[in-house]
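**Q** Listed below, chain by chain, are the residues.
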Amino acid sequence: MPETSSATSGLLSVRNLKIEATSYPPGEPPKTVTLVEDVSFDVEKGKVLGLIGESGAGKSTIGLSALAYGRGGASITGGQVLLNGKDILALDRNGIRGIRGCKVCYVAQSAAAAFNPAHKLGEQVIEASLRHRIMSRAEAEKRALYLFQVLGLPNPESFGDRYPHQVSGGQLQRAMTAMALCPNPELIVFDEPTTALDVTTQIDVLAAIKHAIEETHTAALYITHDLAVVAQISDDIMVLRHGKTVEYGTTSQIIEAPREDYTRALVSVRQTKRKEAGDQSDRLLDIEHVSAGYSNGFKVLHDVSMHLPKGQTLAIVGESGSGKSTLARVITGLLPPSEGRVTFDGKELPKALSARTKEELRRVQMIYQMADTAMNPRQTVRDIIGRPISFYYGLHGAKKTERVRQLLDQIEMGDGFLDRYPAELSGGQKQRVAIARALAAKPELILCDEPTSALDPLVAEGILNLLLKLQEETAVSYVFITHDIAIVRAIADSVAVMHRGKLVRFGPKSKVLSPPFDDYTDLLLKSVPEMELGWLEKVLASRRMESAGN
Amino acid sequence: MNLRSIPLSAWIGMIGIALALICALFAPFIAPFGEREVVGDIWLPMGGDFLLGTDNLGRDLFSRLVYGARTTIFVALAATVISFSLGMLLSFTAAVTGGLVDQLFSRFNDLMMAIPTLIFALVVLAVLPQQLWILILVMAVLDSTRVFRIGRAVALDVAVMEFVEAARLRGEGTGWIIFREILPNTLSPLLAEFGLRFAFSILFLSTLSFLGLGIQPPAADWGGMVKDNKDGIIFGISAALVPGAAIAGLAICVNLVVDWLMKRTSSLKGGRGDA
Amino acid sequence: MAALGPDTGPALTIPKDAGGESLPPSGAATATTGSAATGDVTGSFWHRFTLGRPLAALIIQRLGLSVGLLFAVSLMIFGGVEALPGDFATTYLGQSATPQAVENIRKDLGLDRPLTERYLSWLGGAVQGDFGTSWASRNSVSEQIGNRLGNSLFLAFFAAIVSVPLAVALGMLAVQFRNRLPDRIINVVSLAAISLPEFFVGYLLILFFAVQMGVATFPATVYDGMGFTDRLSAIALPVATLVLVVLAHMMRMTRAAILNVMSSAYVETAELKGLGAFRIIARHAAPNAVAPVINVIALNLAYLVVGVVVVEVVFVYPGMGQYMVDAVTVRDMPVVQACGLIFAAFYIFLNMAADILAILANPRLRHPR
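Protein chains in written order, with the working numbering: chain A, 20 to 569; chain B, 19 to 293; chain C, 796 to 1164.
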């Protein structure tokens, strides 16, 4: 339990862990960076500890230390990792091998990469059990079958005969969990096992994992950046930031009574920031019966129609493969639609990018998900923001610089950033510069393609606030593409739900997000984890009721 | 980047290249005798009046080596520059334009590459008159197929990045996209590739000259000097090995620098620089 | 030649995710592009075939591509060469020839017939193994080539037998000691080795082993009826030269291929299962490394076939390469074209073999969904 810091009878006790990595930057002497410092925690038999934090918080590194493993150049330089009271860091190679895949198992974020493409899934699942002589082949196969059943995999009898590329991502992730559970380990390290999955898949995998660890009484370290996810599965939670412990407590304490500001910020549910505007103003963008596909005949969009009034925000929601990003490509002209048309401010936009005038291009700007790749790494902030100014408005020299300063001011960054390169900016700063570049054209519409999904929650919050502030100042309209319902609730006026290239639902936010729902929207809304204890059980229970009702 | 971070091997390479360049540029001041001047008996041993001895006609081997540096480096460099410009221009155009142009260029390039370079050169040089500019052009065109392939791959890598898409959406022209957006981001790998092509050109030119199809006598060039003196080998006379060693030395130096450049590129990308 | 080494030859690089986790839209795009090009002609049958048996479809495509390439190459070697400036008859007789003599020789060599007709009859003959008569010696080209091709292949075969296992072993050694002293030494030595011209290596070996130590023979003459062991000792030095030249390339590429596999996530998984080092390499790394390594070998063999040209000239070895170089110097076009086509054919064939082996070794294609 979090309160005990002396040696306990727990399964895993980590004491004052310190992990450092040596990097070899070109042109400089090797550097040693501290990834994790002074982290201590305990996991008891059959309990789950959630490790949560932003990217770079050191949570995966800590998780791997339970297997005495350092990824890349990382090595454990201080502290103890006690498994059943014995320090595994003091073991020799053979001793460590006896721990890995036997007492402690690992589930990676990307099961698709972690499975060997050359062997059948079943062979890989039972391999550790056989090599560590934990069970006979017949026993291991029996256990694998049992686990496939527990994890809800289709055709469990023949599932093991398939190759990794023959099954879906969600199934692979479950197979990886089966692989970890097979040798009957005392502890499993789950390293963001559902992050790469869609929400509707995530909930199934999450439920399967939870069911499986309860069934087998295995303890677990569950690593994730999503507090709502970890709240459903863990008994205790440790919040990490920059390799240090921020807060450590029981799940109910962390969720219901966080002590630290940082934790509080993570827990706080997004407020509705924007009151829904009515549909009375003129239409800026009108998408009518648009279908689009790739040159080989693969159709991605089927007869999609929606519209957006001036000065408002249209959120397009969907999972990967829903066609939401393709729709953005159609609007920009990168992918000419095969049918239908896009009208902008009363005039039909030419289908292809090359046919559009400079003025038409100026009025629609775009912000990308990955600010890193959206900006030329060889240009300074001054050049990046300045180019649209000189390109569209012909301003140069001092006038241009003046305008760049103005824009930097608008995005709440100072003059000091003028001559920095993107590599010298943080993730949030990069996205702000990208916003400034879009604003520099003085557009009427900005397409935002998941601009916050690659950012840590607090930084994302800042970007959303900035976008709302800019909308008030400049009356710009947004098409906001996202998979995150919470963001939709916070900023949208109207909402379009897309699924497999079709429009499922469209209308004002208040209507789209309230019942009666169609099946898909219902599933989507119910799958989004909520920061509430017992949410997962509730959803599963309601599902069981529905299927019983049917 | 500071000077101290450059590894020893790269220093050796750069010094070697500099030496060869100095020989090439100041040949008349460095060489004690003329390029075609017969100064003594044939195949005199090293040392004595002649630093490296004399060749099959009694010319000073060291002087010819110095003048040979001039011819070899000039021809190889000219061929590399032309092949590089040609390959880059075509590959970047193909990558940025895409569609039919890309298909056409790429398929033709595949066809050119289906014939091994040396064999291709032999066939073509069997027909064409033996002139220096023709030799340079043939080397350049054959080599540009390799530049095209790498250039297209590198440009496509960058061209799919979102900042290029952003420039396209802004309405920028092809020229801006190639020179301002793509080129600055491909300089490092391309510089390494240039070095590689140069090393290859030196060896290729020497091979052609050695086979009697490259630079024609009496002009001195390293590959031709090996051919001139190869008959001495049976008598234990190592005159043919001296220009051979010069070719190898220069190629090694260039490769050492390239190796360093490549490692630098890959570590800039965040890779571990293996492979 | 050495700096370039083998490259991937005529293209058709297999998309990494061919038939793999193909999520729309981009995945589906790559999975079907192969058929999109040819699908129009053969219709839905080919399309269904591609989906049902991607492996067979890809191999058939690759075979077809090679045949097409070979045909195009023949066009280039014949037609392209004819289109270049310079008249053979004038070259053949020298600048001082009278117009009448030029006219006669043109008729003699058949140069007065139209280009297409000459090409078709040349190609028709080539397919049946008849490459016409040499201008210089007035002998049948095919007869000459028949003897010499065997000699060249004999040389290349032994060079391959020695260099392949050696290169793979050294590559594995370099991986095992990655970034430690043996790896660094192998790296520097091989870097130097790829910079050495073949003729330099050849003469160095001759001077040392044949002239100074007298343990090897030079020139490397072989003739009909020569005993097998005599032949072997005659080609010892040329083989050694070829091995040295090709070894460094093959080893560096092998090292890169194995390293790529060793740094993959599934090898980490194997390590985190607590498996032994041998088990990880044999069971998890090797099956995935075989394909790239075989690919490396095939590419280097293609390179070897070309490498024999210079080595044969150095060692005065009666093979195809020397025959071709001699023909080029006297501008004996039928011989040059025949040799060029045969060399190109070997090159294309080995590159194709490399690609097909890579396709065969890809589990995603072997076990379609």
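These aren't lab readings, by the way, just hints derived from the structure by calculation.
Virtual Cβ for every residue (Gly too), placed ideally from N, Cα, C.
Heads up, a few of these hints could be off.
Here are the computed lysine to any residue pairs in the SDA-like style, where the Cα-Cα straight-line distance is at most 20 Å [said to hold, decoys possible]:
| hint | chain 1 | residue 1 | chain 2 | residue 2 |
| --- | --- | --- | --- | --- |
| 1 | A | 377 | B | 281 |
| 2 | A | 488 | A | 432 |
| 3 | A | 294 | A | 548 |
| 4 | B | 281 | C | 984 |
| 5 | A | 139 | C | 984 |
| 6 | A | 419 | B | 27 |
| 7 | A | 161 | A | 138 |
| 8 | A | 318 | C | 1078 |
Counterexamples of contact, computed for chain B against chain C with all Cβ distances above 12 Å [claimed, not checked]:
| hint | residue |
| --- | --- |
| 9 | 56 |
| 10 | 125 |
| 11 | 129 |
| 12 | 259 |
**Q** Tell me if the straight-line CA distance from residue 488 of chain A to residue 432 of chain A falls inside 20 Å.
**A** Distance ~14 Å between residue 488 of chain A and residue 432 of chain A Cα, so the pair holds.
**Q** Between the alpha carbons of residue 419 of chain A and residue 27 of chain B, is the straight-line distance 20 Å or under?
**A** Outside the cut-off at roughly 47 Å; violated.
**Q** If I take the minimum Cβ distance from residue 56 of chain B to any residue of chain C, is it greater than 12 Å?
**A** For residue 56 of chain B, whose nearest Cβ neighbour in chain C is about 24 Å away, the distance exceeds 12 Å, so it holds.
**Q** So if I understand the rule, the pair passes when the alpha-carbon distance is 20 Å or less; does residue 281 of chain B with residue 984 of chain C pass?
**A** Within the cut-off at roughly 17 Å; holds.
**Q** Keeping to a limit of 20 Å between CA atoms, is the pair of residue 294 of chain A and residue 548 of chain A held or broken?
**A** Judged against 20 Å, a Cα distance of about 24 Å means the pair is violated.
**Q** Between the alpha carbons of residue 161 of chain A and residue 138 of chain A, is the straight-line distance 20 Å or under?
**A** holds (19 Å)
**Q** Between residue 318 of chain A and residue 1078 of chain C, is the straight-line Cα distance small enough, at 20 Å or below?
**A** violated (41 Å)
**Q** Residue 139 of chain A and residue 984 of chain C: Cα distance at most 20 Å?
**A** violated (41 Å)
**Q** Does residue 281 of chain B sit within 20 Å of residue 377 of chain A, going by the straight-line distance between their CA atoms?
**A** The hint is violated at about 42 Å.
**Q** Run the C-beta distances from residue 125 of chain B to all of chain C and say if the shortest one exceeds 12 Å.
**A** violated (9 Å)
**Q** For residue 129 of chain B, is the shortest CB-to-CB distance to chain C above 12 Å, so the non-interface label stands?
**A** Contrary to the label, residue 129 of chain B does not stay out of reach of chain C, its closest Cβ about 5 Å off (not over 12 Å).
**Q** Please check whether the beta-carbon of residue 259 of chain B is more than 12 Å away from every beta-carbon in chain C.
**A** Answer for residue 259 of chain B: violated, closest chain C Cβ roughly 6 Å.
Comparing the model with each numbered hint stated earlier shows that hints 1, 3, 5, 6, 8, 10, 11 and 12 do not hold.
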